[in-house]
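> Model the full structure from these sequences, guided by the hints.
Spelled out from the first residue to the last, the chains are:
Protein chains: 2
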Amino acid sequence: MKDFFNVVTIEQALAFRSVFSELEMEIETVPLIDAFERVLAEPMSATENLPNFRRSTMDGYAVCASSTFGATESNPAFLTVKGTSLMGETPGFSIGSGEACRISTGGMLPVGADSVVMIEHTETIDSTTIEVLRSAAPGQHVIEPGEDFLKGEILLSAGRRLRAQEIGLLAAFGRDTLQVYRKPVVAVISTGDEVVPITETPTPGKILDINTYTLTSMIKACGAVPISYGIVRDNSESLNQTLALALKTSNMVLVSGGSSVGVRDVTIDALSALPKPRILFHGISISPGKPTILAMSQKKALWGLPGHVVSAMIVFLKVVKPFIEYISGIKGLMSQTIKVQALLSRNLSSAQGRVDYVRIKLKTVDGKLVADPILGKSGLISTMVKADGLIEIGLNVEGLDQGEPVEVELLY
Amino acid sequence: MKDFFNVVTIEQALAFRSVFSELEMEIETVPLIDAFERVLAEPMSATENLPNFRRSTMDGYAVCASSTFGATESNPAFLTVKGTSLMGETPGFSIGSGEACRISTGGMLPVGADSVVMIEHTETIDSTTIEVLRSAAPGQHVIEPGEDFLKGEILLSAGRRLRAQEIGLLAAFGRDTLQVYRKPVVAVISTGDEVVPITETPTPGKILDINTYTLTSMIKACGAVPISYGIVRDNSESLNQTLALALKTSNMVLVSGGSSVGVRDVTIDALSALPKPRILFHGISISPGKPTILAMSQKKALWGLPGHVVSAMIVFLKVVKPFIEYISGIKGLMSQTIKVQALLSRNLSSAQGRVDYVRIKLKTVDGKLVADPILGKSGLISTMVKADGLIEIGLNVEGLDQGEPVEVELLY
Chain A
16 MKDFFNVVTI EQALAFRSVF SELEMEIETV PLIDAFERVL AEPMSATENL PNFRRSTMDG
76 YAVCASSTFG ATESNPAFLT VKGTSLMGET PGFSIGSGEA CRISTGGMLP VGADSVVMIE
136 HTETIDSTTI EVLRSAAPGQ HVIEPGEDFL KGEILLSAGR RLRAQEIGLL AAFGRDTLQV
196 YRKPVVAVIS TGDEVVPITE TPTPGKILDI NTYTLTSMIK ACGAVPISYG IVRDNSESLN
256 QTLALALKTS NMVLVSGGSS VGVRDVTIDA LSALPKPRIL FHGISISPGK PTILAMSQKK
316 ALWGLPGHVV SAMIVFLKVV KPFIEYISGI KGLMSQTIKV QALLSRNLSS AQGRVDYVRI
376 KLKTVDGKLV ADPILGKSGL ISTMVKADGL IEIGLNVEGL DQGEPVEVEL LY
Chain B
16 MKDFFNVVTI EQALAFRSVF SELEMEIETV PLIDAFERVL AEPMSATENL PNFRRSTMDG
76 YAVCASSTFG ATESNPAFLT VKGTSLMGET PGFSIGSGEA CRISTGGMLP VGADSVVMIE
136 HTETIDSTTI EVLRSAAPGQ HVIEPGEDFL KGEILLSAGR RLRAQEIGLL AAFGRDTLQV
196 YRKPVVAVIS TGDEVVPITE TPTPGKILDI NTYTLTSMIK ACGAVPISYG IVRDNSESLN
256 QTLALALKTS NMVLVSGGSS VGVRDVTIDA LSALPKPRIL FHGISISPGK PTILAMSQKK
316 ALWGLPGHVV SAMIVFLKVV KPFIEYISGI KGLMSQTIKV QALLSRNLSS AQGRVDYVRI
376 KLKTVDGKLV ADPILGKSGL ISTMVKADGL IEIGLNVEGL DQGEPVEVEL LY
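First to last, the sequence lines map onto chains A and B. So the number in our numbering is just where the residue sits in the first sequence, counting from 1, plus 15. So the number in our numbering is just where the residue sits in the second sequence, counting from 1, plus 15.
Incorrect hints may appear among the rest.
[As the list claims (entries may be wrong)] Heads up, simulated DSS-like pairs for lysine-lysine below, C-alpha to C-alpha not over 30 Å straight-line:
{"#": "1", "chain 1": "A", "residue 1": "Lys354", "chain 2": "B", "residue 2": "Lys235"}
{"#": "2", "chain 1": "A", "residue 1": "Lys392", "chain 2": "B", "residue 2": "Lys378"}
{"#": "3", "chain 1": "A", "residue 1": "Lys235", "chain 2": "B", "residue 2": "Lys235"}
{"#": "4", "chain 1": "B", "residue 1": "Lys378", "chain 2": "A", "residue 2": "Lys166"}
{"#": "5", "chain 1": "B", "residue 1": "Lys263", "chain 2": "B", "residue 2": "Lys315"}
{"#": "6", "chain 1": "A", "residue 1": "Lys354", "chain 2": "B", "residue 2": "Lys401"}
Quick caveat, the hints were computed from the structure, so don't treat them as lab data.
Okay, here's the thing in structure tokens:
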């Protein structure tokens with residue numbers, strides 16, 4: 016098993032998501048007020064017309080449009096005000112030709128009325144008479160029943176991540192509880208005999224455990240729930256024990272560290288000792304992040320991530336995150352990556368046969384957005400703290416030229 | 016007070032943020048593991064060099080670079096392997112000319128070594144002798160002490176919103192707890208005699224309370240804590256009572272509804288009855304969203320937002336959110352708005368003297384991103400559900416032409 020080395024492209028790596036399709040998150044019922052950013056697990060249809068009555072969108076008078084045809088300031092239409100549409104109530108009267116009904120924004124039009132004249136386009140003559148100074152078109156300033164959604168129309172499909180407007184939509188149909196997928200639980204294990212908990216003072220040669228903190232933060236940003244197993248010594252027995260426990264309590268396991276040859280073997284050995292293990296790949300042709308391992312056991316993904324903080328973060332963002340979104344049940348738009356266009360501030364060279372991810376500081380120069388590469392070793396977290404985003408240099412691209420437009424994926 | 020009508024531009028509206036500078040959020044101490052996306056309330060400096068020892072970034076041999084000068088595959092340098100640098104430990108020996116030390120990624124270089132030769136560029140002759148096949152440069156594959164951060168260097172200023180990498184940075188310096196600003200609490204009150212709770216079945220003329228759900232979701236997205244006061248009847252006495260209670264329990268109050276003349280008066284009356292009220296503006300020259308009110312009482316902002324769901328959402332995103340970020344203590348980058356460039360699919364007209372926000376569906380046509388306007392009344396939530404983003408048509412712009420490049424602010 017130690018000699019196994021199956022390097023894949025990033026596209027091949029991402030294609031392995033489908034292997035985990037049997038792992039579907041369980042469904043839970045949550046109150047609508049807590050459902051923001053959750054993933055809908057049931058399709059939703061309109062149970063009613065929305066709105067279910069003819070509403071005004073303005074303050075003014077509900078009328079029959081035909082009563083106003085040809086009205087101008089010099090030749091107004093005189094209408095008789097028959098009453099008021101009280102907010103939230105059905106008017107107890109109907110409107111005919113030559114008649115009007117006082118109405119507020121959101122009020123229900125009386126039977127017979129097909130449009131609303133804005134109050135600004137009327138003059139009050141006396142308590143029961145108005146002048147209308149402009150011609151109204153039928154349907155003007157009115158929302159028709161079903162204009163927002165028709166009864167039976169599909170509102171949302173399962174797999175939709177709920178934004179504020181989808182939450183509002185479900186409120187509009189009175190869905191005070193709904194079914195969503197449970198959030199995936201993702202276990203984080205740090206390895207490395209040089210790594211100590213951040214509550215300790217590191218003796219010379221030791222470093223504090225950064226990856227537990229960056230990875231758990233990024234897991235939260237994906238809408239998943241991190242569970243930390245702390246630091247495990249570099250031997251396959253203790254790692255295997257922790258892996259077995261993590262597999263039981265989570266839907267996915269991340270092991271960070273182990274980018275050195277010896278430790279990589281420990282990770283591979285520990286993964287191989289799990290029930291029915293399958294090593295899907297061992298190495299991705301990206302930089303940083305090449306020494307990444309994906310294994311499967313009990314239908315769950317187990318990752319061996321590089322130990323260097325920048326490498327681990329980039330592999331998480333470019334590879335692990337799409338797997339988390341996949342098992343979260345999200346359909347359609349898979350990833351929430353946001354890109355901006357900028358001009359590259361200097362030449363960048365890149366080796367062919369791998370995809371390079373370069374950290375970028377964004378600057379505005381002469382009103383133009385400029386992408387300034389942050390060059391530095393992948394062990395330096397300072398390069399990520401300074402970075403606003405990442406650019407990608409493709410597999411078969413030798414480099415990029417100064418002034419070239421690039422797409423910067425924001426790190427937010 | 017009913018005649019008060021002070022319409023401001025959006026820039027003037029946003030400038031009122033400074034009025035609330037006296038309201039500084041309290042500070043609380045949180046564990047680092049829970050600090051993701053919080054706002055730092057104290058400046059942070061490097062208490063040590065990071066790293067605080069000379070580390071290898073590769074698996075191989077630590078050497079004096081000068082021992083390898085001129086080495087090639089045909090004329091290798093022979094070095095004596097003096098021992099191994101164990102992970103997390105200080106090597107108990109030093110390295111001189113002609114000597115080497117086995118080392119793994121992250122290992123500490125022994126005294127005397129200034130560079131690392133990758134294992135791929137060596138051949139093992141016997142247990143204590145290697146051939147080095149390439150010349151090493153001093154500092155090669157090494158992170159120097161302080162190369163990430165020097166002791167005393169400023170890491171982060173107060174007011175920084177903590178991303179995953181900033182959390183990792185604080186872990187690297189052993190900050191297991193830190194001071195952050197408390198999250199602002201934002202109260203939400205719905206008004207309107209036509210509005211009923213979503214748990215009720217609306218009788219004709221009534222609608223369900225959407226705004227409580229969209230607004231609380233958007234408040235969460237800002238990193239603040241929503242508190243809902245439900246629906247208040249359209250009379251200034253009950254609204255005033257609820258406002259007084261909301262002011263006591265929150266840092267900001269949003270009243271939605273009341274875009275009709277009568278209700279607007281109720282909101283103004285209720286705001287005017289608060290202790291030491293000050294109406295800062297009443298109307299913003301934007302569409303949708305014009306009938307927005309900002310008031311201040313007890314140093315806190317109280318908003319009267321339009322009742323139409325789309326108007327309320329747009330005013331929240333463009334106006335209220337920057338105020339929430341301001342009182343959250345965020346310095347520097349104020350808003351997390353993300354924009355993409357796209358080409359407009361059709362002509363759009365706009366009235367001068369106001370800023371228009373148009374909902375956009377993004378499409379890819381012939382490999383280009385196209386912004387397709389969603390035209391529809393601001394009472395229709397369907398237009399927001401279909402929308403991927405918003406574009407802005409400026410104050411003095413008559414319209415935009417088909418094919419024109421536009422910046423689309425994403426709704427995510």
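> Does each hint hold? Answer for all of them.
These are the hints, each one checked on the structure:
1. Lys354(A) - Lys235(B): Holds. Lys354(A) to Lys235(B) sits at ~23 Å (cutoff 30 Å).
2. Lys392(A) - Lys378(B): With a Cα-Cα distance of about 38 Å, the restraint between Lys392(A) and Lys378(B) is violated, given a limit of 30 Å.
3. Lys235(A) - Lys235(B): The hint holds at about 14 Å.
4. Lys378(B) - Lys166(A): Distance of about 27 Å is within 30 Å: holds.
5. Lys263(B) - Lys315(B): Measuring from Cα to Cα gives roughly 10 Å; hence the hint holds.
6. Lys354(A) - Lys401(B): Answer holds: Lys354(A) to Lys401(B) is near 21 Å, not above 30 Å.
Hint compliance for this structure: hint 2 alone is broken.
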